[in-house]
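Engineer: Protein chains in written order, with numbering that gives the first Met the number 0: chain C, 0 to 425; chain G, 0 to 425.
The set of hints was computed from the structure by calculation and includes no laboratory data. If you're wondering where the values come from, they're calculated on a predicted model, not measured in any experiment. Do not rely on the hints blindly, as some may be mistaken.
One copy or two, either will do: identical chains are not told apart, so a pair holds if it fits within one copy or between any two.
Each computed EDC-like pair below joins lysine to aspartate or glutamate, with the alpha-carbon atoms no more than 16 Å apart [said to hold, decoys possible]:
id	residue 1	residue 2
1	Lys17	Asp80
2	Lys274	Glu406
3	Lys235	Asp174
4	Lys236	Asp381
5	Lys97	Asp390
6	Lys97	Glu271
7	Lys236	Glu343
8	Lys17	Asp3
9	Lys215	Asp85
10	Lys190	Asp169
11	Lys235	Asp203
12	Lys17	Glu43
Number of protein chains: 2
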Amino acid sequence: MKTDVVIRGHIVWCDTPKHIQTVPHGYLVCENGLCRGVFEELPERYENLPLKDYGGRLVLPALYDMHLHAPQYAYRGLGMDLELIDWLKAYAFPEEAKYADLEYAGRAYAAFADALRRSFTARFCCFATLHAPATLLLAELLEASGLQGYVGKLSMDRNAPRDLCELSADRAAEDCEHWIVEMQARFTHIKPMVTPRFVPSCTDALMGKLQGLMEKYGVPAQSHLSETRDEIAWVKKLCPDCRHYAGAYDRFGMLENAVMAHVVYPEDEEIELLKARGTMAAHCPSSNANLRSGIAPVRRLMSAGVRMGLGSDVAGGESIDMLRIVTNAVQFSKLYWRIVEPNEPVLSFPEVFHMATKGGGSFFGKCGSFEDGYMLDALVLDDRPLRTVVDLTVPQRLERALYLSGELRLVQKYVDGQPVLQEPAP
Amino acid sequence: MKTDVVIRGHIVWCDTPKHIQTVPHGYLVCENGLCRGVFEELPERYENLPLKDYGGRLVLPALYDMHLHAPQYAYRGLGMDLELIDWLKAYAFPEEAKYADLEYAGRAYAAFADALRRSFTARFCCFATLHAPATLLLAELLEASGLQGYVGKLSMDRNAPRDLCELSADRAAEDCEHWIVEMQARFTHIKPMVTPRFVPSCTDALMGKLQGLMEKYGVPAQSHLSETRDEIAWVKKLCPDCRHYAGAYDRFGMLENAVMAHVVYPEDEEIELLKARGTMAAHCPSSNANLRSGIAPVRRLMSAGVRMGLGSDVAGGESIDMLRIVTNAVQFSKLYWRIVEPNEPVLSFPEVFHMATKGGGSFFGKCGSFEDGYMLDALVLDDRPLRTVVDLTVPQRLERALYLSGELRLVQKYVDGQPVLQEPAP
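Isolated chain C, as found in the complex:
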């Protein structure tokens, strides 16, 4: 049974990357879990739906985190003086090994799922570890949180520490298949995703089998693509027959129905391929700065027609706060324009807000907008703690709320029409 609700407040969203749309004191209608549009006056036909009046609060699409690592949440904000490969060895791998212990995984994932529930994120694509039992536990906690999205049991059968290396491609694929079957049987809102960590972690034999699982179970894929120059050089050595990094995934059909994180150093031919395959690139600006990877050429990717979403990449990124990551993406695109490529215009605030809502949202269906027929994923934000003596328009309040997200109060989050937070008495 899906919800009927009319949400009243200052409604703000992006149909297109060109500008922010607003209806101050508007009505956002949700019928049977689907948006029916935003109205200045409530149409008569919706007058019988229950009304939630949020007064002067901001109502905007919830955000989509297209790339994050659940087991890295426990050490977010640490080891920031290291580069990718050293950081993986010092932090990521030792921590991920602990998830063989279900009791530890339960404590860590409970904290993660609770934090994600209270965040600005509605749906997500998230990496777990290679442990199927812990990953099922994560899915269970996330299903209970009211959020929706994809979880990936990692696949790694080479170039990994011994306790994080699957023993053979056959065994790894078998484990992955059992896990997919159990995920699909047990959960409605949390779905499995084939998740080779990245090309260096998976033999061709395993990649081939994962491709088979994608086809057999209709499951999408997620991985990392071109995060650092060292990594790209490593892939070139491992896959001498591939024209480029993206090609190493494309051999196994892993660019279709897929999210590829980072894409910091794409070649022109790779960009064409990503576009042709409809791959979604997950831009992770904070992580790319923290791990010294660089700044992705987002304008070039967008102009070429590559599908784009935004990701926190916790814990390469320090925070799951997707509002802050929107503003980081804008800031870093300004530095890119200033320092690297003055011919590529900076990303505007509406462009990045669109990327984080309707852009990433398209991976989950009709998500990320308040247009007719979209699933209702929405945030209700109280920006009164950001005191000011200046009169602000609704778009100005949105911009300020994103730049100062740490000072906001999240009043409610709707996912697929359902409220996921307990609201305090008004």
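Starting from the structure of chain C, add chain G where the hints point.
Structural biologist: Relative to the frame of chain C, chain G by itself:
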């Protein structure tokens, strides 16, 4: 009457930029408002001082915001799609003009002073507007807040909108002198600073008179230096006889006992001059990104021996959260290293933490460390809201607290030995 207090907690600070020092469950002794050092066991001679036991909380030096604009606080996080000069015209100038109205100034500055009191900042160098009455009101509010620092009535007698342009150099200098005299008569902890907005805003006649006021009243100076390339070109046109931008201040003795904000594009000769004059450069990474100015060559400035502090530059920077600005400085230095100058090592976390504490602090006297003889400026942070299942060392907790400052609880802030926040019952 100065305070005696012993503060117990996990004590963490930086004597040098090389590393973080910690004494877990240590005792920080403050006698007559001055630090007497940090001890693992409380020495007998201090046993009679009152003890504040903060248990497992973090105790660190409070931070110094070496550059911010009080009248811009009201519109922080807005207009971020504009560059410096356009943003000044669209936001800064129209807003600053409102401070001719004391009633408006009172409301806006009350919100600013309250926010600064509740922030991680202990001392600051802050710009006001050119209105002496409003600037005195600001100083009054800041004096009452328990914080300490400098406030500057702006000087502008050219290249400003008509309602923000002082009528003559004589009149401007006279107003500034009256204001300095009243500041020095009325306030103990908030002091006046000579504040030409930047070279393009002040005639040589006014600059000369301001130099006289600095000498007559023993007052330091603050201004902007080399924030953008357009600005530098403008200064070269306005001052054809100066070898460089810094030279245009140096003619009037304004590099000695002075804070210069930004320094994004310094020439080698300018760096030598800043070093020779002992000028403090205030690095403002967030602002330099937001206004598309670029990334300052901090490593080069530091290696040359230029004194460095950190600034929020609100509202070019969106937030007065100096912990976040420490991590922004680290992030941006990584991008600088990756994209601009691979021969300049990235700034380490301890280096930037040192810059934000003992670095900037040196402008106010012996401030920013817990060494014997330093004034006691300290923060007590509760990092329990940053839940984790991982056991963390105290330096790791510090790093995480800075990266995730929005999730912390500030328990107490000591300025010059005095607590400035009301603590809730434990």
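Engineer: Hint by hint, note whether the structure agrees.
Structural biologist: Here is what the structure says about each hint:
1. For the identical chains of this complex, Lys17 and Asp80 are inter-copy neighbours only, at 13 Å across copies versus 37 Å inside a copy, given an alpha-carbon limit of 16 Å.
2. Taking the shortest Cα distances, Lys274 and Glu406 never come within 16 Å of each other, neither inside one copy (38 Å) nor across copies (38 Å).
3. Neither within a single protomer nor between protomers do Lys235 and Asp174 lie at most 16 Å apart by alpha-carbon distance, with minima of 29 Å and 69 Å respectively.
4. Within a single copy, Lys236 and Asp381 get their C-alpha atoms no closer than 52 Å, and across copies no closer than 48 Å, so neither meets the 16 Å cut-off.
5. In this homomeric assembly, Lys97 and Asp390 come within 16 Å of each other (Cα to Cα) only across copies, at 13 Å, whereas the closest approach inside a single copy is 52 Å.
6. Taking the closest pair of Cα atoms, Lys97 and Glu271 never come within 16 Å of each other, the shortest separation being 40 Å inside a single copy and 53 Å across copies.
7. In the homo-oligomer, the alpha carbons of Lys236 and Glu343 never lie at most 16 Å apart, since the shortest distance is 32 Å inside one protomer and 29 Å across protomers.
8. Proximity of Lys17 to Asp3 under the C-alpha cut-off of 16 Å is found in neither arrangement, the shortest distances being 30 Å within a copy and 59 Å between copies.
9. Proximity of Lys215 to Asp85 under the C-alpha cut-off of 16 Å is found in neither arrangement, the shortest distances being 37 Å within a copy and 57 Å between copies.
10. Taking CA atoms no more than 16 Å apart as the test, Lys190 paired with Asp169 passes in neither setting, with 23 Å inside one copy and 73 Å between copies.
11. Proximity of Lys235 to Asp203 under the C-alpha cut-off of 16 Å is restricted to the intra-copy arrangement: shortest distance 14 Å within a copy versus 61 Å between copies.
12. Taking the shortest Cα distances, Lys17 and Glu43 never come within 16 Å of each other, neither inside one copy (32 Å) nor across copies (68 Å).
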